[in-house]
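Asks: Below are the chains, spelled out letter by letter.
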Amino acid sequence: MTHKNIAFFTTEQLPSLAPPSNTVGATAWIRQNLFSSPINSIFTLLGLYVVYLTIPPLLNWAFFSSDWSGTSRADCTTGGACWVFVQVRLQQFIYGFYPSTDIWRVNLGFLMLVALMAPLFIEKTPRKGLLAAFLLFVYPVIAFILFSGGSFGLSVVTTDQWGGLMLTLVIASVGIVASLPLGVLLALGRRSDMPIVKSSCVVFIEIWRGVPLITVLFMSSVMLPLFLPEGVTFDKLLRALIGITLFQSAYMAEVIRGGLQAIPKGQYEAAQALGLGYWKTMGLIILPQALKMVIPGIVNTFIALFKDTTLVIIIGLFDLLGAVENAIKDPAWLGMAIEGYVFAAAVFWVFCFGMSRYSISLENKLHTGHKR
Amino acid sequence: MSNKINNSDSPGKPPFWNDPAVRSIFFQTLLLIGVFGFLYYIASNTLDNMAKRGISTGFAFLDYKAGFGILMSLIDFTESDSYGKTFFVGLLNTLLVSGIGIVFATIMGFIIGVTRLSKNWLLARIAAVYIETFRNIPLLLQILFWYFAVLRSLPSPRQSWSFFDSFFLNVRGLYIPKPVFESGFSLTLIFLAIGIIGAIFVKKWARKRLDATGQPFPVFYTSLGLILGLPVLAFLVTGAPLTWEMPALTGFNFTGGLPIIPELMALGLSLTIYTAAFIAEIVRAGILSVSHGQTEAAHALGLKTGPTLQLVIIPQALRVIIPPLTSQYLNLTKNSSLATAVGYPDLVAVWAGTTLNQTGQAVEIILTTMAVYLTISLSISFVMNIYNKRVALIER
Chain L
3 MTHKNIAFFT TEQLPSLAPP SNTVGATAWI RQNLFSSPIN SIFTLLGLYV VYLTIPPLLN
63 WAFFSSDWSG TSRADCTTGG ACWVFVQVRL QQFIYGFYPS TDIWRVNLGF LMLVALMAPL
123 FIEKTPRKGL LAAFLLFVYP VIAFILFSGG SFGLSVVTTD QWGGLMLTLV IASVGIVASL
183 PLGVLLALGR RSDMPIVKSS CVVFIEIWRG VPLITVLFMS SVMLPLFLPE GVTFDKLLRA
243 LIGITLFQSA YMAEVIRGGL QAIPKGQYEA AQALGLGYWK TMGLIILPQA LKMVIPGIVN
303 TFIALFKDTT LVIIIGLFDL LGAVENAIKD PAWLGMAIEG YVFAAAVFWV FCFGMSRYSI
363 SLENKLHTGH KR
Chain D
1168 MSNKINNSDS PGKPPFWNDP AVRSIFFQTL LLIGVFGFLY YIASNTLDNM AKRGISTGFA
1228 FLDYKAGFGI LMSLIDFTES DSYGKTFFVG LLNTLLVSGI GIVFATIMGF IIGVTRLSKN
1288 WLLARIAAVY IETFRNIPLL LQILFWYFAV LRSLPSPRQS WSFFDSFFLN VRGLYIPKPV
1348 FESGFSLTLI FLAIGIIGAI FVKKWARKRL DATGQPFPVF YTSLGLILGL PVLAFLVTGA
1408 PLTWEMPALT GFNFTGGLPI IPELMALGLS LTIYTAAFIA EIVRAGILSV SHGQTEAAHA
1468 LGLKTGPTLQ LVIIPQALRV IIPPLTSQYL NLTKNSSLAT AVGYPDLVAV WAGTTLNQTG
1528 QAVEIILTTM AVYLTISLSI SFVMNIYNKR VALIER
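Line by line, the protein sequences give chains L and D.
Mapped onto my numbering, the consecutive letters of the first sequence carry residue numbers 3 to 374.
Mapped onto my numbering, the consecutive letters of the second sequence carry residue numbers 1168 to 1563.
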């Protein structure tokens, strides 16, 4: 047989053609993700319209036609945001009523905190345990001496002068650090076999979780003086801290209980086989695994606590939101409510979003499940 | 050799200080003594301090005249009513704003959660921006923003924004037409109840028929017809006993109609927006938690997207969604106590605020407030636990 149409045969593989132009590159992506069906196209157009309505005016107000420098209300000449207000009152927003001459103490304290905490996030630092112990036990004493003064020649700054972002960070950090051990004890108690211990822990946790933080703050600021014998007074900040710590420990206990429930029974049995008693089992085997498992949960609780610190304005402490509220009511700066709230919102957003991203990255690092 | 078991090799009873039972009883007794001792100490100090300050104990103050007015009340309230009545006014206001918040936050949260999973990139990003923005800003800040920055910039009553000439929005509030129910309206309500019960029975009967014979029944449209149709029929038959009282501008303000105060609007709006962001994440997590194999199996059986979602995905997703969803409802109810910041007269503002300041009975008032919130929380948790047990996966 003769092969007539020789053109149909080749001896080597033909080069592959480029894919059709509407299946690769930007056009393909747009077709698939934005205009894949008629309904999707309508939604995309609506979405673009919504973005067009909101984003340019917002950017215009906040950045392009706004005032950034000046010293008083008269400098707010453009129609946009008057960030002069924020810039002039910035010290009050960050430090509250802390005397200007002693602000270096606050700065030093927080710089120390950052410097001590940063190595904990880097994998390779040696002696993390020692660093953590220093951070937990020694640093608070140093910070307290720095902030409130009274010794080493530092002038006394009473806690009702603390305010602004500094107070927010103080309340949040003390709240989280103090509620963690209490939460661990409550979680262990709730899982205990002793009926009285178990029921008291359950009652404690359910009571503190079932009431709003405002009533807790009211209770601690109004009722705590009644609970104590006459003559013993508590600093207002301390009362708020006690209330917040007890409130937070109940939530922390539930988070840790979730971690404890996830430890397989084999761990307990192996510890028993090794002859470890209850506390050694918990301290050496169970809690390290449980706490590592719930670190994202703990970070989420911290984020919630950070946002809840704004409630102290209701009992008269001036955290960041309180300082902004105070500044808004200043007669020299009437009408700056939006700028003030946007600034406070931006600060809180940066902190909370950063922490939630960190929590997600932790979850991804520690997660061993099936990703689909 | 003799292999007699030597009894002295067995451990025998431990000394009493190592016996777990004895130690357990000892420590529990210690804890009981500690807790009761602490409570007794606090109680005696409190009684002492209150006696010294001349504050009486007990609930006698509930019958005294209140002497202050409340901005908004669902039941009639005047200054000459008792302090006890302020409790109920505050409680009803809290339940009102919580109810409104829960309904709208759920609807909004589900929509945004599903949008976040949309294949449309732009919609998914917009939903993501919404969620990340409103989750990371404290609720109190959002409430204050909506109240002071937005609602204070509404126009005065004379320049209200009006919609269809019946809804008016100004700085004093939102004025909507008030429904006036005349005498025959109860029949419509009775028929509404009949319609709802009928719909439940239709659903049960249709389910039984489906299980027995495999024939589907249009339950949704039948129920819709019953729930909407029967009351409308009764309404028309009794001569439409419903008129609307329209808000009208008289002088400097509006009379008639139903006023929704700006405090309620700010609180409801911020609670809804804040909680919807959390609910959206919960819904997203729930839908993502259903294994993709379920979708693939449903497609292999020939189900299209709609029935797949309705019959396969959503029932399983609901199992994961409902527990955190109820805890968000609880959070919303507790967060409604932030009403004190804007002056909305909820339970905390009226009872633990004004009444506490006027009577000085801090202990009773704060304890009753905490008891109310505790009751709400525990009852919702209780219901949720029952639901959880019913739908729990029974594993080996």
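Derived from the structure by calculation, the hints contain no laboratory data.
Careful: at least some of the hints might be erroneous.
[Said to hold, decoys possible] Taking beta-carbon pairs under 10 Å as the criterion, some of the chain D residues facing chain L (in silico):
#1 1196
#2 1284
#3 1287
#4 1505
#5 1544
Note that the Cβ used here is the ideal one computed from N, Cα and C, for glycine as well.
Asks: Which numbered conditions among the earlier hints are violated in the structure presented, ordered from lowest to highest?
Replies: 2
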